[in-house]
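Peer 1: So you can see what is in the structure, the chains are spelled out below.
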Amino acid sequence: MTKKNYACRISRSEPGPGDGGRTGSWRVLRPVIDLEKCIPAKRNKPACFTCWLYCPDGVITRTIPPTIDYEYCKGCEICAEECPVDAITMVEETVFLKEEK
Amino acid sequence: MAEKTTILNLPEDELVHPGNRACAGCGLSIIYRIGLKALGRDTILVVPPSCLTVLQGLYPIAATQLPCLNVTFASTAAAATGILGAMRARKNTSTNVAAWAGDGGTSDIGLQALSGACERGEDFIFICYDNEAYMNTGIQRSGTTPQGVLTTTTPISGKKQRKKDVPAVIAAHNIPYVATASASYPLDLYDKILKAKTLSGPKYIHVHTPCPSGWGFNARYSVKIGRLAVESGLFDLYEKENRQFQLSGPSKRLLSKQRRPVSEYLETQTRFRSFSDAQTAAIQQEVDEKWETYRKEAECGII
Amino acid sequence: MHVIESGNVAAANGVKLSRVQVVAAYPITPQTPLTEKLSEFVDGGEMEAEYIPVESEHSALAVCIAASSAGARAFTATSANGLLYMNEQLHWAAGARLPIVMCVVNRGIGAPWTVWNDHQDAVSQRDTGWIQLYACDHQQIIDTVIKAYAIAETVSIPVMVCYDGYLLSHTYMPFKPPESNQVDEFLPRFSPEFPLNPEQPCNLNTVTLSDIRPDVHGDTAPGYMEIRHNLHTDLREALGVIQQVEDNFHQTFGRGGHPFLEPYRCEDANYIAVCLGSLSYHLRDVVDVLREAGIAIGVCGLRVYRPFPDAAVREYFKSVKGLIIFEKALSYGYEGALFADIKAAMYACTPRPFIHNYILGLGGREIQTHQLKEALYRSCTTEVAPEDMPQWLGLKLQT
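Quick mapping for you: the protein sequence lines, in order, are chains A, B and C.
If you use numbering that gives the first Met the number 0, the first sequence corresponds to residues 0 to 100, in order.
If you use numbering that gives the first Met the number 0, the second sequence corresponds to residues 0 to 302, in order.
If you use numbering that gives the first Met the number 0, the third sequence corresponds to residues 0 to 398, in order.
Source of the hints: derived by calculation from the structure; they are not laboratory data.
Just so it is clear, CB atoms sit at the ideal spot from N, CA and C, and this is done for glycine as well.
Honestly, I wouldn't trust all of these hints.
[Unchecked claim] Mimicking PhoX-like on lysine-lysine, the simulated pairs with C-alpha atoms at most 25 Å apart in a straight line are:
hint	chain 1	residue 1	chain 2	residue 2
1	B	223	B	251
2	B	196	B	3
3	B	90	A	44
4	A	36	B	223
5	B	36	A	44
6	B	223	B	256
7	B	3	B	162
8	B	163	B	289
9	B	194	B	3
[Unchecked claim] One side only, chain C facing chain A, incomplete, derived with CB under 7 Å:
hint	residue
10	200
11	201
12	202
13	203
14	207
15	212
16	215
17	221
18	226
19	229
20	232
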């Protein structure tokens, strides 16, 4: 049986994002990072990254400053809760919808 | 003793794709993401029906960047055994085999196969993510659901029976490594998986996994609630390596630190809403007695 | 060189010659000596394989499914309740398209408990998507195990090799184990397309939606129904592969040549007795006696039950006056399963032979030659209404 033939005869998934679609659409509140409070942003060197650690979906980058992939962020608020300096605020998603319009 | 991993030296490589179907704030998502970093790319996973099946993705898109075998509910540990047999037959001694099962797939329907695999000394890591009910099918009671908890199959008077002590059952097989961990302490979990990788034979890690959907709390508090479970002394982080028991980090500190009252933990979740004051007091007493025993054992140097 | 050994040992030798890499072992009467023999082979260094003593039959097939998915040639064996315990795994192995071979040493199913031979175990699993082959003597057992791997690995469908508990498993017969180097040529090493491999990660057999859906490349991936449809069509095409493998085997070893039906004195027969398993050889004696009495009768053993060789069945049977189907199993609440399948296959023929059905031998009830003779004589000389089928042979008490 050829490779192509066999591959479509079994349920064989390949890795890729977005199995659940654009999970950013689940959000009601969007996390926004205040770079003036954010520790790695303020110090301009690797530090803290607690939000990156705890994000269940891995949509926060371990960069200076951390960025959030809003395509997939589900708005769970864990980053806002766990940030040791309260640098993350949850903002109504509708605010951004209006802005995007 | 190996150095503890910190956030800053945790590997950056993400092995789970975003946009998967896990609930917002899912405790399993945290431990899975961090756990896979510990396991590394040279790993084959085995997953029975569970929340992880859905998190992993529906055909044809996989959220995980590791090879994974989905298997029938009762057969997780047997499937892991089969992969190991094939690896040995193909002279592959490096690839890790890790099973990730929920509490049902580990300690109810999956217990027989797990017991058999432990008895055979299979060289795998078995990670049970314990969200204390059959969450994937919509919050039905399981063997690890704590007593009194409201689930869809214990909807009014709560679960009558006690929580099954699964790590103790597995430890009775005298396998090289049994540990408990929590989604709220991912670095501790990470280090425990790293340690498990260095050992031969069966390794079992039981991870307390907060579930906003099933436990009834705002997803924002997933990590905080898991932390409360440990800080109140209800769920203990420990390792049992070659029969030597040792409390880990945040739990060990409770030997000399004040524990949070269990009521603080119980009142955060609607699944405990039918608890009377008497029930809460009974739990507090049990926890107090348990920690008194720990304290005495620590004094004698047993733990 | 011929050896004289039991059917179970014949099977074990077939497994050894097939260079199976992973054996999942769980004992159950009457398969147990097969499992024991394999452990002897592996422990004694005669066979290079991983011998895994599992804690249940469900786990046995789980081990094989996983091992096969990870690229190893896998084997297990069972009977009766053991086969049923792994039922969900049977469906799984077929849907996962894994070339596992399993010996089923046919035994009746509880309740009530029985350890003796009938075919209800395998026959009740005919809808799982496995290829189901039947062996009638020890030579066929050892040869069919080897052929089974060749078939399985060509079509990526698991194969059940069935043989009668006690009647074959525990009796001793001479047979000739094929030469190892010839088997190696006939059956190359297992090299699957997509073994589980960290270098090519994939997620196997996860939840598959009803509808089709784009994959990570933007191509359309099949839904559950397409995948299952493929299993079915590949099973039908497997009939051709079974023929091919039989021809290759015949060329290499000089044995075999009847992939679907094994006839005896059928060329000029007006009536043909049909059955699965070693009963077809028992019936040969009866055929000889009836021939002497002037009845033009033959017997045909069915070697392949699934995929059902309906074209071969029609070809062989279309010109006879009557078919008499003997079965050690049935579809409870209706009639014999093989009877129903043959009737369906013959439906398109005009004219159609009459088709009779005898249920016998359940739970190892002794099948006496005179009973077979009387039943066949009755069927060939008396008109029996179709509504009176199935008939039961060998019942002793009025129930």
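Peer 1: Against each hint, give a clear statement of whether it holds in the structure.
Peer 2: Cross-check of the supplied hints:
1. B:223 / B:251: Given that 25 Å is the threshold and the Cα spacing comes to 19 Å, the pair holds.
2. B:196 / B:3: holds, 15 Å
3. B:90 / A:44: violated, 45 Å
4. A:36 / B:223: Holds, at roughly 21 Å.
5. B:36 / A:44: holds, 23 Å
6. B:223 / B:256: holds, 18 Å
7. B:3 / B:162: violated, 31 Å
8. B:163 / B:289: holds, 16 Å
9. B:194 / B:3: This hinted pair holds, its Cα atoms lying about 11 Å apart.
10. 200: holds, 6 Å
11. 201: holds, 5 Å
12. 202: holds, 4 Å
13. 203: holds, 6 Å
14. 207: holds, 5 Å
15. 212: violated, 10 Å
16. 215: This interface hint holds because 3 Å falls under the 7 Å limit.
17. 221: Holds, because the Cβ-Cβ distance from residue 221 of chain C to chain A comes to roughly 6 Å (cut-off 7 Å).
18. 226: holds, 6 Å
19. 229: Given a least distance of 5 Å, the restraint on residue 229 of chain C holds.
20. 232: Not OK, violated: residue 232 of chain C not within 7 Å of chain A, min 10 Å.
Against the hints set out earlier in the document, violations occur for numbers 3, 7, 15, 20.
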